[in-house]
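The residues making up each chain are set out below.
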Amino acid sequence: MSFDKTTVARISRLARIATTPAEQERLAGELGGILAWVEQLDEVDVAGVAPMTSVVEMNLKAREDVVSDGGDAEAILKNAPSSAHGFFVVPKVVE
Amino acid sequence: MASTIEGATGTWEYVIGLEVHAQIVSKSKLFSGASTEFGSEPNSQVSTIDAGMPGMLPVINMTCIEQAVKTGLAIEGTVNRYSVFDRKNYFYPDLPQGYQISQFKQPIVSEGRLVIEMEDGSEKVIGIERLHVEQDAGKSLHDQDPGHSYVDLNRSGVGLMEIVSKPDLRSPEEAAAYVRKLRSILRYVGTCDGNMQEGSMRVDANVSMRRPGEAYGTRCEIKNLNSVRFMSRALEYEALRQVDILEAGGTVAQETRLFDVGRGETRSMRSKEEAHDYRYFPDPDLLPLRLEQELINAVAASMPELPDAKRHRFMAEFGLSPYDASVLVAEKENADFYEAVAEGRDKKLAANWMISELFGLLNKAGKEIGESPVSADALGELLDLISDDTISGRTAKEVFAEMFETGKAAGQIVEEKGLRQVTDTGAIEAVIDEVMARETQKVAEYRSGKDKLFGFFVGQVMKASGGKANPKMVNEVLKKKLDG
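Sequence lines, in order, name chains A and B.
Residue numbering for the first sequence follows the working numbering, starting at 836 and increasing by one per position.
Residue numbering for the second sequence follows the working numbering, starting at 38 and increasing by one per position.
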């Protein structure tokens with residue numbers, strides 16, 4: 836599968852990563868190369884093998900339903916570029 | 038029932054499917070140990086996982102999973118012993134991770150069903166496509182500051198069940214009945230509190246219009262409806278909008294819309310248009326979820342009697358009408374109260390008193406059954422006084438109003454006010470003689486064939502006895518005296 840500039844522009848927008856047309860050109864080539872490399876996996880015959888989401892033979896670790904975290908709004912807001920009255924403050928987003 | 042709309046060019050039919058987001062009742066969040074309590078100080082219930090800090094790993098809360106299994110069994114779904122958590126990627130300020138952990142291809146529950154009852158007593162089975170578990174997002178406040186939005190992450194990461202119906206609903210009334218029934222079931226099994234005002238249950242409605250019997254049209258999705266009434270209004274508005282477009286020869290654009298409560302109309306949410314490419318993929322932080330059959334069996338064994346079963350039992354064993362049974366079982370607290378009142382007493386009498394008297398006064402006072410000033414035992418005592426002829430049904434209503442007002446026991450009120458019914462034949466005869474002596478003219482009319490006057494005499498006798506004469510005995514004795 837090859838990548839074109841339009842696809843790169845779309846996914847960079849979806850990922851909120853700004854790209855210039857020149858970068859899109861370069862990235863189309865690079866991403867195309869990565870995909871071509873991964874596509875080698877198509878050579879393996881996986882007929883009758885269930886899709887795999889994990890390679891470890893382990894069950895999902897679970898926890899008990901107890902409150903053991905939170906309670907420190909100050910720490911949570913510490914890295915916020917802007918905050919007020921305990922809230923994160925962001926540019927207006929209205930529908 | 039308005040399941041169709043008459044347009045200028047003919048009849049159109051609704052096709053509605055609902056996605057209900059139900060917050061799971063649990064102490065801590067789906068993947069973190071922060072509290073789920075509603076209404077706390079902003080950002081006071083946020084772990085570094087909920088805030089999307091780099092390097093944090095989610096760990097599943099098993100209680101949330103058991104709650105989802107319980108709900109799945111309650112909607113008669115298939116609980117899948119193998120399910121997978123995926124990342125649903127999109128950007129929004131109240132989603133700090135940049136993705137929501139959800140389930141896409143392999144949900145925890147598939148293929149359920151739910152029976153709705155319409156006002157005319159008819160029933161309809163509505164298919165449920167799936168139930169999956171996911172994280173809730175934070176909350177944005179837009180009215181605090183003219184140029185900024187405020188974000189509170191307390192809700193971020195709270196466990197949600199998304200319950201997706203099949204497009205089986207054919208009118209806003211059916212959609213409303215579905216939401217009410219689902220809410221009732223969730224509250225019975227205790228997996229969601231169903232509080233729509235606080236947002237613990239929210240509905241997205243998919244609606245399209247078609248000519249009856251033809252293929253589905255293009256649908257629109259109306260997001261975030263937080264009351265049954267608003268949902269019905271949004272569906273009605275959206276149906277007319279789509280019919281107008283279709284009849285003018287246009288095509289409906291598939292899009293996400295928002296219901297503006299103030300204006301009573303839906304409008305396009307442009308911001309969502311590009312966001313539809315969610316690029317789902319299995320979350321590499323989480324292994325697949327495997328459930329032991331023993332766990333599913335244990336959850337099934339802990340299941341309470343569900344509203345449908347209770348309703349049928351009330352009809353079959355107690356002889357209640359479908360309407361009365363539906364009203365009584367809708368909320369588990371009401372059904373429990375009713376059963377306590379009805380135990381060892383006349384079932385229909387108990388149902389009538391609950392529905393017309395108790396619910397009437399509770400409504401007027403704006404109270405829930407849990408806050409009722411009259412307990413089930415106290416109401417039972419009042420019904421006993423009616424059944425053993427201590428007081429008449431009419432007097433009982435006065436007594437009940439006072440019980441509701443003062444919290445006093447029925448027997449005490451009856452004694453204090455001397456409301457004990459007169460069942461002594463001699464005393465009743467005396468009152469009747471007195472009335473007949475006064476109304477000689479009417480007695481003559483009655484005896485010459487004006488039967489209708491009988492009611493008048495009953496009224497006069499009851500009045501003369503201060504409402505305390507036993508009405509049944511008054512009827513009997515009066516008939517004998519007038520006819521004799």
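The set of hints was computed from the structure by calculation and includes no laboratory data.
There could be a bad hint or two in this list.
Simulated pairs of lysine-lysine, DSSO-like, Cα-Cα distance not exceeding 30 Å [to be verified]:
id, chain 1, residue 1, chain 2, residue 2
1, B, K454, B, K489
2, B, K385, B, K401
3, B, K516, B, K489
4, B, K161, B, K176
5, B, K176, A, K913
6, B, K401, B, K516
7, B, K384, B, K509
8, B, K385, B, K434
9, B, K487, B, K454
10, B, K369, A, K896
11, B, K404, B, K479
12, B, K445, B, K509
13, A, K840, B, K125
14, B, K445, B, K479
15, A, K896, B, K142
16, B, K218, B, K454
17, B, K454, B, K107
18, B, K107, B, K142
19, A, K896, B, K218
20, B, K64, B, K161
21, B, K176, A, K927
22, A, K896, B, K107
23, B, K487, B, K385
24, A, K913, B, K64
25, B, K218, B, K203
26, A, K913, B, K347
27, A, K927, B, K260
28, B, K487, B, K445
29, A, K927, B, K434
30, B, K125, B, K161
31, A, K896, B, K64
32, B, K347, B, K434
Keep in mind it's a predicted model, so treat the numbers as computed, not measured.
Hint by hint, here is what the structure shows:
Pair hint K454/B plus K489/B does not hold up; C-alpha atoms about 33 Å apart against a cutoff of 30 Å. At roughly 23 Å between alpha-carbon atoms, K385/B and K401/B fall within 30 Å of each other, so this suggested pair holds. Proximity of K516/B to K489/B is assessed by CA-CA distance (about 12 Å); at most 30 Å being required, the pair is judged to hold. About 36 Å separates the Cα atoms of K161/B and K176/B, which puts this hinted pair outside 30 Å; it is violated.
A threshold of 30 Å between alpha carbons decides the hint, and for K176/B with K913/A the separation of about 19 Å falls inside it, so the pair holds. For the hint pairing K401/B with K516/B, the CA-to-CA distance comes to about 40 Å; that exceeds 30 Å, so the pair is violated. Taken as a hint, the K384/B and K509/B pair is honoured in the structure, with Cα atoms around 21 Å apart against an allowance of 30 Å. Between the alpha carbons of K385/B and K434/B the distance comes to roughly 16 Å, so the proposed pair stays at or under 30 Å and holds.
Between the alpha carbons of K487/B and K454/B the distance comes to roughly 37 Å, so the proposed pair goes past 30 Å and is violated. Taking the CA atoms of K369/B and K896/A, the gap is about 35 Å. The hint is violated against a cut of 30 Å. At roughly 48 Å between alpha-carbon atoms, K404/B and K479/B are farther apart than 30 Å, so this suggested pair is violated. This hinted pair checks out: K445/B and K509/B have alpha carbons roughly 28 Å apart, not beyond 30 Å.
Among the hinted pairs, K840/A with K125/B is consistent with the structure: their alpha-carbon atoms are about 24 Å apart, no more than 30 Å. Among the hinted pairs, K445/B with K479/B is inconsistent with the structure: their alpha-carbon atoms are about 42 Å apart, more than 30 Å. Only pairs whose Cα atoms come within 30 Å are accepted, and K896/A paired with K142/B is accepted, the gap being roughly 21 Å. Annotation: proposed proximity of K218/B to K454/B is violated, straight-line Cα distance about 44 Å (limit 30 Å).
Annotation: proposed proximity of K454/B to K107/B is violated, straight-line Cα distance about 52 Å (limit 30 Å). Of the pairs offered as hints, the one joining K107/B and K142/B holds, with about 21 Å between alpha carbons and a cut-off of 30 Å not exceeded. Between K896/A and K218/B the CA atoms are separated by roughly 34 Å; this puts the pair beyond 30 Å, and the hint is violated. Our distance criterion of 30 Å between C-alpha atoms is broken by K64/B and K161/B, whose separation comes to about 36 Å.
With a CA separation close to 13 Å, the supplied pair K176/B and K927/A stays within the 30 Å bound. Annotation: proposed proximity of K896/A to K107/B holds, straight-line Cα distance about 20 Å (limit 30 Å). Annotation: proposed proximity of K487/B to K385/B is violated, straight-line Cα distance about 35 Å (limit 30 Å). Using a Cα cut-off of 30 Å, the hinted pair K913/A and K64/B holds, with the two alpha carbons roughly 26 Å apart.
Between K218/B and K203/B, the direct Cα distance comes to roughly 15 Å. Compliance with the 30 Å bound is thereby established for this hinted pair. This hinted pair does not check out: K913/A and K347/B have alpha carbons roughly 53 Å apart, beyond 30 Å. The suggested pairing of K927/A with K260/B holds, with an alpha-carbon distance near 20 Å, which does not exceed 30 Å. Restraint check for K487/B and K445/B: not satisfied, since their Cα atoms lie roughly 45 Å apart, outside the 30 Å limit.
Pair hint K927/A plus K434/B does not hold up; C-alpha atoms about 57 Å apart against a cutoff of 30 Å. A C-alpha spacing of about 34 Å is found between K125/B and K161/B, which places the hinted pair above 30 Å, so the restraint is violated. Taking the CA atoms of K896/A and K64/B, the gap is about 18 Å. The hint holds against a cut of 30 Å. Restraint check: the Cα-Cα separation between K347/B and K434/B comes to about 28 Å, which is no more than 30 Å; the hinted pair holds.
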